[in-house]
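Chains as they are written, first to last, in our numbering: chain A, 1 to 325; chain B, 1001 to 1502.
Certain hints may be false.
So the derived label-pair ranges between C-beta atoms look like this [what the hints assert, rightly or not]: (1) A:R30 <-> B:A1306: 39 to 47 angstroms; (2) A:D288 <-> B:V1447: 29 to 37 angstroms; (3) A:Q63 <-> B:G1443: 32 to 40 angstroms; (4) A:R30 <-> B:L1439: 32 to 40 angstroms; (5) B:G1443 <-> A:L111: 31 to 39 angstroms.
Calculated from the structure, these hints are not laboratory results.
Cβ atoms here follow ideal geometry from the backbone N, Cα and C, with glycine treated the same way.
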Amino acid sequence: MWTTPGKLRAKGIIGMNRRNIRYIGRYNSRKLYPLVDDKLQTKLLAREHGITTPALIGTVSTQFEVKSVTRQLEGHPGFVIKPAKGSGGKGILVIEHIDGSAYIKPSGAHLGREDIERHVSNILSGLYSLGGSPDVAVIEALINFDETLTEYTYEGVPDIRVIVFQGYPVMAMMRLSTAASDGKANLHQGAVGVGLDIATGTAVRGVQFDRTRHDHPDTGHELASLRIPGWRTLLELAASCYEMTGLGYLGTDMVLDREHGPMLLELNARPGLAIQMANGEGLRSRLDLIEQQPDGVDAAARVAFAREHFARRAELVSAADATTA
Amino acid sequence: MSRLPFYLLVGMLLVAGIALSVHRHVAFEVPWTPGEQRQVWEVEAQVNFSALGDPVMVNLALPSTQQGYRVLTENTASSGFGLSFLEDKGGRQAQWSIREATGPQQLYYSVQLLVAPQAADQDVKPPELPREIAWERPFDTAASQIIERAQQRSADAVTFARELIRDFTGDRQGENARLLLTQFERTPLLVRLLNEANIRAREVSGLALDDGRRRQSVKSWLQVFSDDGSAVLFNPVTGEQGRPDNLLLWEDRGGAVLEVQGGTNSRVSFSMIQHNQPASTAVRNQLDSDTLINFSIHSLPLEEQALFQTILLIPIGALMVVLLRVLVGLKTSGTFMPVLIALALIQTTLLTGLIGFLLVVTVGLVIRSYLSYLNLLLVARVSAVIITVIAIISVFSVLSYRFGLNAGLTITFFPMIILAWTIERMSILWEEEGPKEVLIQGGGSLVTAIMAYLAMNNPWVRHITFNFLGVQLILMALILLLGNYTGYRLLELRRFKPVTED
Chain A
1 MWTTPGKLRA KGIIGMNRRN IRYIGRYNSR KLYPLVDDKL QTKLLAREHG
51 ITTPALIGTV STQFEVKSVT RQLEGHPGFV IKPAKGSGGK GILVIEHIDG
101 SAYIKPSGAH LGREDIERHV SNILSGLYSL GGSPDVAVIE ALINFDETLT
151 EYTYEGVPDI RVIVFQGYPV MAMMRLSTAA SDGKANLHQG AVGVGLDIAT
201 GTAVRGVQFD RTRHDHPDTG HELASLRIPG WRTLLELAAS CYEMTGLGYL
251 GTDMVLDREH GPMLLELNAR PGLAIQMANG EGLRSRLDLI EQQPDGVDAA
301 ARVAFAREHF ARRAELVSAA DATTA
Chain B
1001 MSRLPFYLLV GMLLVAGIAL SVHRHVAFEV PWTPGEQRQV WEVEAQVNFS
1051 ALGDPVMVNL ALPSTQQGYR VLTENTASSG FGLSFLEDKG GRQAQWSIRE
1101 ATGPQQLYYS VQLLVAPQAA DQDVKPPELP REIAWERPFD TAASQIIERA
1151 QQRSADAVTF ARELIRDFTG DRQGENARLL LTQFERTPLL VRLLNEANIR
1201 AREVSGLALD DGRRRQSVKS WLQVFSDDGS AVLFNPVTGE QGRPDNLLLW
1251 EDRGGAVLEV QGGTNSRVSF SMIQHNQPAS TAVRNQLDSD TLINFSIHSL
1301 PLEEQALFQT ILLIPIGALM VVLLRVLVGL KTSGTFMPVL IALALIQTTL
1351 LTGLIGFLLV VTVGLVIRSY LSYLNLLLVA RVSAVIITVI AIISVFSVLS
1401 YRFGLNAGLT ITFFPMIILA WTIERMSILW EEEGPKEVLI QGGGSLVTAI
1451 MAYLAMNNPW VRHITFNFLG VQLILMALIL LLGNYTGYRL LELRRFKPVT
1501 ED
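So that you can see chain B by itself, here it is in the shape it has in the complex:
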């Protein structure tokens, strides 16, 4: 009988489990530990304008997930305005509209951004080159001279752009450059010159994130596309190449940040604040992008999520039972009864739970010993024990409430049918094998329940089982492996000791 298929199955489960977990960690930045903090930026855009009494339409460009930042949640505030979010190849936009408005208006948009080093730009398409660029005299000669000069000192699109910008900055600023700047804005001029040299480029709007700053505005940045289609960012004023870490590209399609129809004096200003959030909250706030591989409990409603948090812990309890029975050799009364007790302990906290459990079982055993005199059929007797357990729990709840011990009320979390069977089994064990065996099995059950409770109540275990479904496959593989263990149990090392003594 070959064990190969078995090990293949275990190996597949392990690989799949680990791969799924790593994928969730890498692709969704779900951290391995629950205490990990994540940096979150909260940026608020405030749009101000004066309405003229006509219909008003306001378009505000919105940031999307990009290199270094992931969009978590966004909110708007705008009294009386209709709002819709538009998404097309011109990027994301918020569109406010109203039939009639007069006087100063304020619109708010706020976004939460997770600092995510792994986040990547969405695929950026280079803009089309304009068909024809017309220059008036004498700017045409100035432009062609500047282009020629930069052309000579560069090798490709990126170096050309760098040389071009250098001609417009500081002491290198020549006569031609000064002439052109009198007629054109700096960034649009650079785009125009680059396009003239058949290089794709556009003006984008970036916001420098700086904690606690208010009334900031976006700055224009120059995005140059190299021959292979990748984008490089330049600071049009200094000529610095590359993207600063704290730069958020608010608008990256070459469009306007704010467009207002039916209003004047429009402007948008930004305020920002940075704070740290527990990673798990940050994960929960991620905008849902539901794919099959992103199969996650987080897509369920909150109530079901809470339920699953408990359900996903049960395999941990089962693993503890397997460990303690197969590797240690503890005897328990009812194989998985300790897991159910451990689940109840999570609700009641350890000490109150243990006291409650011992009280119920002890009183139950006393009453059960009377029931055995009545000589009843088994099912009737166990049913009687169930009613007894319910009575005991009710009495304890009322008593503890009267004495002001609210913790006593949590005793109702114990699974009553399981308790009744435990009492029945213990009672038979007592009659047949004596109190010693009851202590061994009862003690074994309690030890197992406490171990399962400690494992299931561990914050790290809760975090891992809830956020990484792949862990369930790993647990499955471990339990399968343990089911194949033919070695000695820990307690057997003591049991068989006399044999090895001579």
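The following block holds chain A by itself, in its conformation from the complex:
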């Protein structure tokens, strides 16, 4: 049930305390936090830097506007309402399509107009924001995620988390929502995390609830064949978020859109440590290597460096081979 600090250190695993003091405390300046804690700001900033994000339908910032929110939604087949300062996927409402007066969630549940209004009102009063401060509701167009990934996920949109350290992509994983996670892509809620090889964008290893998995629990599809199309573009997009925000230790959440390719969903100044579980490897050695690199290298060169040095061989393939043999 327990392991020893020595074994964790040998694996290069980073604990919460080390992450907070050594990386977040040292490389993430407090004054830059609002850029990533407020999704609306992130979105506007990304637009300035030419980084694609899901289309913005509108925002609601006063309770007075709540009644007119449905008017803004007219003409959009599906949409997502999220709190600008939410965290951990809280308060995100996804409506897949509108059927007459009913708003239908990916799970098939029907919501009425007043349900939408109440949700927006809750967001504004700060129910989902850090510290309960008043917030703004952001309405975005629904992402049409790449069909090649459909069978790897259940209900929700799978996203790709890349840890970017001083502009270098150091570790990546894909988060697949499951029935257990209620369509959300949060690992601690039961989503499947699939570690991705930085060199190729192929699956390394899968975990759910901190235990190894070889297939998706709901669709039954094996995970070894998972391969992210447009991997280099995605990494370069993630890496350029360093110049955009100035944050040295950054978690970037990306999605693959059918038409627009990789898109930036949101940024996180305090990315979690579960990515180490999904990759079966600690961050420590990779972060140490990056700390020795000089500044002022452009994004493409940083991605090339990372792909060269952080290449991995998939464990899932060998494991699958071993079981069939």
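Since the structure of chain A is already known, use the hints to place chain B on it.
Only chain B this time, still in chain A's reference frame:
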């Protein structure tokens, strides 16, 4: 980025904290443990005399803090007499006065003395030598012979005194000595002879402390000053050198113990009793000598002291929270909410407190789940929860009182605003993450609160934090160090275990 200033700061805090605590322990005899008993002597002096109907003035010498004993408190009883305490280079004195009194009078003075091995004599000044000492015949020859004899067999002031006294004791008592004793009192005679030999000396009054003795009187002792100015005590009868452990010098300036004007047949007698006191009480009774380094909560009025006793415990609770979150990795709902709950538990006792807390939070959660249907703005909703909490607490107090459970009344010690926020947070957590997460965070908060309570309610911890302010600096240094800890948390050893398995 150098961490040197950080470690210097921590080191300075540690050194200052430890030094302050040790200073308080050594200089004020504040013990490290609360159960430690201290020996306290209670000595009562009773002054008797017959007044002649005229104005009366009574001066009684008073003991002061000296080697082995520390004066704690003193009291007097004297009906109709005016009283003042005098302090000059002649030592401390109590002066009673009355315009007119007749017949037998009684005055009382009692003092509490702490047996304190570290206590030191106040600086004793040797007396001046008298300018001229006149002897009548034939005592002058006897005196000079005795002095000459002692001079030959001694090397310095102390050995001279020893030889001199030996000449007046037992079988060595010679003819000259016997002659002198017919004319003079023994101790004043010895002082006179010593002064004649240019040695500073005086007669002091000592009281032998013996548990349960009554009607004791002071005995005269001989204090001889050596050439370097240090005082040595001699028993004038036996010639024994040094001070017995149970000897209290009642008067050590060479003056009289009792002086009465306007009365006759005056005498002072002493009774004494020894008892043990908890050290903390003994410390509290110390006469205030307020200096900056003696910065102590004890100089505040009693009511504020009680308040500070609680305030000074909060850093202990904070330390427990830091330990459990940084080293163990427990999740709590609201960072320092457990400390506030622990403070409430101190008032309510553990079991009643826990039952009360769980009752309030459970009922609060049920009512809060109804409030979420009403679709209210956040501030209004939390305010509604606050009123609900107050209502729940009132109902429980009344109910428990009706059922004869007085312990239930202590539920009012819970911080209501904090409880309301706890309920609000738990409720949101329940909706978003499910009951499991509520149990984890609620359980974590309760475990932390109980640990903080156990630490804060420990008698030794209470004693240390209240009596040694330096401990606060040590706690500060510890918390700073913990804030610098980059190692794994205990629960991470379990969380990351699957990674190490292959």
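What are the numbers of the hints that this structure violates, sorted from low to high? Failing hints: none at all.
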